[in-house]
Every structure is written in structure tokens, then in C-alpha cells.
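Number of protein chains: 2
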Amino acid sequence: MTAPVILVLDSDPPPRLGRLTGRAVVRHADERTLAARLPEADVLLVWDFTSDAVRAAWPGDGPRPRWVHTASAGVDRLLCPELAASPTVVTNARGVFERPIAEYVAGLVLAFAKDLPRTLDLQRQHRWSHRETRGLAGTRAVVVGAGPVGREIMRLLNALGVRVALVGRTARRTIHGVEDLDRLAASADWVIAAAPLTEATRGMFDARFFGLLQPSAHFVNVGRGLLAVEEDLVEALRRRWIAGAALDVFQEEPLDPSSPLWDVPGLLVSPHMSGDTAGWRDRLGEQFVAMYERWAAGEPLPHTVDLRRGYVPSTDIPD
Amino acid sequence: MTAPVILVLDSDPPPRLGRLTGRAVVRHADERTLAARLPEADVLLVWDFTSDAVRAAWPGDGPRPRWVHTASAGVDRLLCPELAASPTVVTNARGVFERPIAEYVAGLVLAFAKDLPRTLDLQRQHRWSHRETRGLAGTRAVVVGAGPVGREIMRLLNALGVRVALVGRTARRTIHGVEDLDRLAASADWVIAAAPLTEATRGMFDARFFGLLQPSAHFVNVGRGLLAVEEDLVEALRRRWIAGAALDVFQEEPLDPSSPLWDVPGLLVSPHMSGDTAGWRDRLGEQFVAMYERWAAGEPLPHTVDLRRGYVPSTDIPD
Chain A
2 MTAPVILVLD
12 SDPPPRLGRL
22 TGRAVVRHAD
32 ERTLAARLPE
42 ADVLLVWDFT
52 SDAVRAAWPG
62 DGPRPRWVHT
72 ASAGVDRLLC
82 PELAASPTVV
92 TNARGVFERP
102 IAEYVAGLVL
112 AFAKDLPRTL
122 DLQRQHRWSH
132 RETRGLAGTR
142 AVVVGAGPVG
152 REIMRLLNAL
162 GVRVALVGRT
172 ARRTIHGVED
182 LDRLAASADW
192 VIAAAPLTEA
202 TRGMFDARFF
212 GLLQPSAHFV
222 NVGRGLLAVE
232 EDLVEALRRR
242 WIAGAALDVF
252 QEEPLDPSSP
262 LWDVPGLLVS
272 PHMSGDTAGW
282 RDRLGEQFVA
292 MYERWAAGEP
302 LPHTVDLRRG
312 YVPSTDIPD
Chain B
2 MTAPVILVLD
12 SDPPPRLGRL
22 TGRAVVRHAD
32 ERTLAARLPE
42 ADVLLVWDFT
52 SDAVRAAWPG
62 DGPRPRWVHT
72 ASAGVDRLLC
82 PELAASPTVV
92 TNARGVFERP
102 IAEYVAGLVL
112 AFAKDLPRTL
122 DLQRQHRWSH
132 RETRGLAGTR
142 AVVVGAGPVG
152 REIMRLLNAL
162 GVRVALVGRT
172 ARRTIHGVED
182 LDRLAASADW
192 VIAAAPLTEA
202 TRGMFDARFF
212 GLLQPSAHFV
222 NVGRGLLAVE
232 EDLVEALRRR
242 WIAGAALDVF
252 QEEPLDPSSP
262 LWDVPGLLVS
272 PHMSGDTAGW
282 RDRLGEQFVA
292 MYERWAAGEP
302 LPHTVDLRRG
312 YVPSTDIPD
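Chains A and B are the protein sequences, given in the same order. Residue numbers for the first sequence, in our numbering: 2 to 320. Residue numbers for the second sequence, in our numbering: 2 to 320.
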């Protein structure tokens with residue numbers, strides 16, 4: 002019996018897959034060599050989750066991996082009609098990023114509530130300028146995206162005394178359907194975007210949406226850049242429709258040094274790092290190894306992507 | 002029957018005491034006129050809690066207020082041997098500042114864990130520089146000061162998954178005595194100073210103490226500036242004994258524009274505002290009015306200061 006071939010779409014540093022020695026043949030590819038090597042692979046590990054190369058390289062009806070795992074929560078950079086139509090199983094990195102992202106969001110919300118960016122500005126100017134800040138307890142947040150990331154954000158903001166409404170695609174139990182979003186957003190202090198990028202969510206945070214918010218509201222995007230229309234957000238900040246925003250994700254990443262976004266007053270820009278706490282790459286590698294062991298034993302894989310919807314459905318997540 | 006005289010050591014804006022119309026005569030003083038007006042007052046409201054004037058103006062054995070209330074948590078600026086020896090009751094503003102200060106500390110701790118000051122620096126430079134940040138859950142904090150502020154900080158950090166040790170003057174139930182501080186600090190990620198300023202706590206955070214900490218540790222002072230030896234903290238940061246610090250309180254306030262503290266790498270300077278969320282002055286005024294009503298009715302006052310120890314003992318706080 003030949004050991005299965007794992008093809009790794011690499012990025013630096015590569016995953017530590019030493020535990021699979023003798024149980025799999027590990028090969029490596031980059032964006033350039035991916036198409037040629039895909040047909041020989043049983044498994045594709047998308048370690049470079051910032052790449053769009055899989056979409057371009059996917060072999061259609063030809064020989065192809067039976068399983069694709071991406072070291073990310075979102076699968077939008079991966080999916081294409083050919084992959085969606087194939088019997089290949091796609092899994093994501095559920096479980097690795099939720100808590101770090103929730104902590105990051107809590108940090109941003111507290112930084113806004115406590116006016117921390119301004120404090121740092123004033124410090125640079127040697128200016129002692131006492132201000133009243135906002136109490137966080139009792140404020141209202143709307144978290145858009147009812148998957149595990151959104152739920153963890155809800156849990157952590159709840160723990161800080163924030164009243165959180167969670168908005169998903171469809172209403173179920175404690176989750177609001179998207180039809181409630183406008184009403185909830187209109188009285189929110191914090192709007193957190195943590196939805197998957199799909200045709201239904203692309204550009205959903207636009208001028209119309211920002212126009213609904215309170216002038217004191219803040220918008221935070223830790224989902225995908227294309228959930229928000231960046232130009233509309235900039236305009237909303239310039240016109241003071243909202244008080245501030247933080248983007249950790251962008252329409253194009255990395256953000257070009259010449260982008261006007263860096264300098265928009267009230268906008269906090271960070272380099273897509275909300276989920277990446279020390280040791281995250283090791284955790285992603287360990288997760289893949291554990292999933293590979295299940296796959297090799299013929300067991301069903303956890304958190305498999307619904308290829309039609311474009312995300313892992315949350316029916317298997319306990320509320 | 003003559004209405005009691007309330008003398009207000011004023012600051013701008015003054016307290017709203019309209020509810021006491023007809024039930025008290027409200028007079029005002031500033032630092033200059035305080036000594037002359039104190040002997041005629043039944044009650045002194047120290048609204049300008051940044052002032053040391055009471056110490057200088059206290060009339061010794063002469064006629065004096067029977068009750069002094071300060072619109073602050075700390076009473077260190079107020080107490081003097083003459084006041085401590087007098088039968089005058091002193092009360093503080095327990096209940097107003099705890100939650101805001103705890104939120105502020107949580108915001109600082111998350112800002113450090115998520116490297117937010119550096120993110121803002123990089124944004125100004127238009128630099129996309131992905132970094133790994135720290136997971137907050139499972140880190141260890143030592144909160145020094147087991148009064149209501151310290152306890153609220155513990156509660157909120159606990160809610161964020163931080164393991165918190167609370168250190169007070171003496172060990173009791175879930176509180177460590179100060180004899181445990183060195184041992185606890187040596188393995189702490191976060192050391193939070195929230196103790197009252199007394200002879201026992203003055204300068205307790207000094208070179209010896211900072212030398213005990215881990216190089217990855219951060220120090221946060223939201224108590225009183227004189228708890229920490231500022232020069233020693235600066236030296237600890239310069240020598241990288243610790244990774245960072247935040248001071249909201251200082252040996253001298255406001256901090257002079259020429260102070261070297263503004264520019265110390267790794268030090269976050271804020272203008273004594275951790276407890277001051279929107280509406281705080283109204284809450285302080287309402288609290289005084291409610292306490293006045295109890296006092297006028299001859300009822301015992303809550304949170305009275307132990308004049309010998311220099312703070313409100315916490316025996317009446319449920320653990």
C-alpha cells in the first residue's frame with residue numbers, strides 16, 4: 002500500500018508535519034507549481050491561506066485531491082464552481098482562531114470606549130488632557146456572523162457587560178436573522194463584522210448601512226475586507242456618520258503604503274492579525290495532523306465546508 | 002432649627018446639589034478661602050479631590066465639620082494627623098469608580114497583549130507589519146489592592162480568562178497577604194497597582210520589585226502615583242527588566258510637559274482618567290446627596306474611612 006500524498010501549498014514557515022513521517026508523503030508547491038502537482042495529490046493542505054492559487058489551479062474533472070484543508074477560518078479564497086461541484090471534501094481551521102479574534106475585538110472595543118488612540122496621540126505631544134471616556138457595561142453590540150468566531154466574540158463581550166445581538170443568515174434560537182440587522186444596528190454602539198465572505202455578504206456594509214448607525218457608533222471588521230465597501234466607510238467617517246472604525250481585513254492585502262486608508266481620521270488599521278496569537282502556526286499544524294489521522298483511518302472529518310453556501314454550517318455547534 | 006451648612010471645596014463644574022435646597026445651606030470655597038470657611042461648616046464636600054488644601058486648612062481642635070466626604074476613592078490627599086485624631090467622620094466615593102477603572106485596566110491589558118500601541122505607530126508609518134500577539138486567556142495577573150477597585154479589576158480580568166491573584170494588606174479568605182507578593186509577581190504577566198496610598202504602600206513598586214518580574218511582564222498603575230518609584234520604573238523599562246507599563250497616576254499631576262516620562266519607550270501615559278466615564282460627576286453628586294440624606298436623618302454613613310489606616314476597610318464588602 003502506498004502512503005497518501007499530501008501536497009502543501011507552502012508559506013514561510015512551513016507546517017511541522019514530522020509526526021506523519023512514514024504515514025504520508027509530504028510534497029510542497031508554491032503558486033507557480035501548484036497546478037502541475039495537484040493531480041498527484043490525495044490531500045491538499047492550503048498552508049498559504051492568503052493565496053488565490055487553488056481557484057486557478059483546480060483540475061476540474063481530472064485527477065485531484067479527495068480532501069482539501071485550509072489553515073484559515075474563511076474559505077472564500079479557495080472556493081470556485083469546479084471545486085464546489087466536485088466530490089472533494091473541504092475543511093477549515095475551526096477552533097484555532099475564535100478566542101484570539103474575540104480577544105482582539107474586545108481590545109478594540111475597549112480601546113475605542115477608553116479613547117486610547119487619542120491618549121497615545123496626546124502622549125506624543127506631551128499633553129495632559131483629561132477626558133471623560135465611555136463606560137462599556139450596558140452598551141450594545143451587533144455581531145454579524147453567527148459562526149464560531151461571532152459566537153466567541155459574543156461570549157467575550159457579554160463577559161464585559163456588553164449587550165450583544167448575534168446576526169446570522171437565518172434566525173434560529175438566540176440568533177437574529179439578517180432581516181433584523183438594520184433595526185439592531187440603529188441602536189448599536191459597536192457593529193462587529195465577523196461573517197464569511199459569500200455572495201450574500203459581499204459589500205453588505207455600505208453607505209446605506211453606515212447611514213443607519215448612530216453618530217457615536219464604531220464599526221469593526223475582522224471578517225473579510227470585501228464585506229465592507231471601503232470607500233463608503235471612509236465617507237461615513239469623514240461625514241461623521243459614525244465615530245470610528247477598525248479594519249483588520251481589506252479588499253486588497255497587504256494594504257499598499259500609498260492607500261488613503263492609513264490616514265483616515267478615526268480609522269484604526271491593523272495588518273490582518275486578529276487571530277494570530279503566539280503559537281498559532283503550531284496549533285494549525287497540530288490540527289491538520291490530527292485531522293489527517295482521522296481521514297487516513299476512514300473517519301468522517303470535522304468542520305467540513307458546505308461548498309454551496311461557502312462556509313462550515315453551524316448546525317454542529319452547540320449554542 | 003437652622004439648616005446644616007455644607008461647604009464645597011469647589012472645582013469646575015460644581016456639584017449639582019439642587020435637591021438639597023431648603024434642607025441645607027450650600028457654601029463654596031476654593032483653596033484660598035477654605036481655612037476661613039471651614040469652622041462654620043457642618044459638612045465638607047471635597048469636590049476638588051485633586052487638592053491638598055484640606056490638610057493645610059483643617060482647624061485642629063477648633064470648630065470643624067462633623068462629616069467630610071471626598072468625591073474620590075483615595076483619601077490620601079485629605080488625611081492629616083489632626084483630622085485622623087478628630088471625631089469627624091470621613092467618607093469616600095465607593096461605588097462610582099470601580100467598574101470604570103476595571104474596564105480601563107482590561108483595556109490596557111488587552112492593548113498590551115494585542116500590541117495595539119505598536120499597531121498605531123506602524124499605521125502612522127503606512128507599514129503593513131504582521132505580528133503574532135499574545136493570547137490573554139490563561140495569563141496571570143497580580144492585582145495589588147484588595148479594596149473594591151482591586152476586586153472589580155479581578156472580576157473583569159477573570160471574565161476575560163485571566164488567572165488573577167488579589168493581594169491585600171493581610172491574608173483573608175481568597176485574598177493574599179502582602180507577604181505573598183514577591184512570589185506571585187515573579188510569575189505574573191500583568192501587575193496591577195490599585196492600592197490606597199498609605200505609609201505602608203508608598204514606593205512599594207521600586208527597583209527591587211521590578212527586578213523580580215518576568216521580562217515579558219507589564220506593570221499598570223491606576224492607584225496613586227506615589228505607589229511606584231517612577232525613576233525605578235523608567236530604569237526597569239530601559240533595561241528591559243519588564244516589557245511595558247502604563248501609568249494613569251503620577252507623583253505630580255498634571256505631568257509637566259517637560260517630564261521625561263512622556264517619551265519612555267514601552268510606557269503608556271494617561272492623564273488620571275481611568276475612573277472617569279461620561280456622567281461620573283453627576284454620579285458623584287447624586288451619591289453625596291443620598292449620603293447627606295442619611296446623615297441628616299441621623300443614620301450611619303456607609304464607606305467611612307478608617308482614619309488610622311487611611312482607607313475604607315473592606316470588612317463590609319462581600320467577597
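Since the hints were made in silico from the structure, they are not lab data. Being a predicted model, the structure only gives us computed values, none of them experimental. Every residue gets a Cβ at the ideal spot worked out from N, C-alpha and C, and that includes glycine. Some hints here could point you the wrong way.
As the list claims (entries may be wrong) - Pair by pair, the computed Cβ-Cβ distance ranges are:
# : chain 1 : residue 1 : chain 2 : residue 2 : range
1 : A       : E254      : B       : P15       : 19 to 27 Å
2 : A       : D122      : B       : E180      : 35 to 43 Å
3 : A       : R28       : B       : R240      : 45 to 53 Å
4 : A       : E236      : B       : R295      : 33 to 41 Å
5 : B       : G96       : A       : P258      : 47 to 55 Å
6 : A       : D122      : B       : R309      : 52 to 60 Å
7 : A       : A138      : B       : D122      : 27 to 35 Å
8 : B       : A36       : A       : R119      : 46 to 54 Å
Does the Cβ pair E254/A, P15/B satisfy 19 to 27 Å?
53 Å, violated
Holds or violated: the 47 to 55 Å window for the beta-carbon distance between G96/B and P258/A?
49 Å, holds
Indicate whether the distance between the beta carbons of R28/A and R240/B respects the range 45 to 53 Å.
Given about 48 Å between the Cβ atoms, the range holds.
Given a hinted range of 52 to 60 Å, is it respected by the beta-carbon distance of D122/A and R309/B?
Since D122/A and R309/B have Cβ atoms about 44 Å apart, the given range 52 to 60 Å is violated.
Are A138/A and D122/B spaced within 27 to 35 Å by their CB atoms?
Roughly 30 Å apart at Cβ, these two residues keep to the hinted range, so it holds.
Supplied distance hint 33 to 41 Å, evaluated on CB atoms of E236/A and R295/B:
Given about 54 Å between the Cβ atoms, the range is violated.
Range hint 35 to 43 Å: satisfied by the CB atoms of D122/A and E180/B?
42 Å, holds
R119/A and A36/B - C-beta distance against the hinted 46 to 54 Å:
Distance hint for A36/B, R119/A is violated at roughly 39 Å.
Hint compliance for this structure: hints 1, 4, 6 and 8 are broken, all remaining hints hold.
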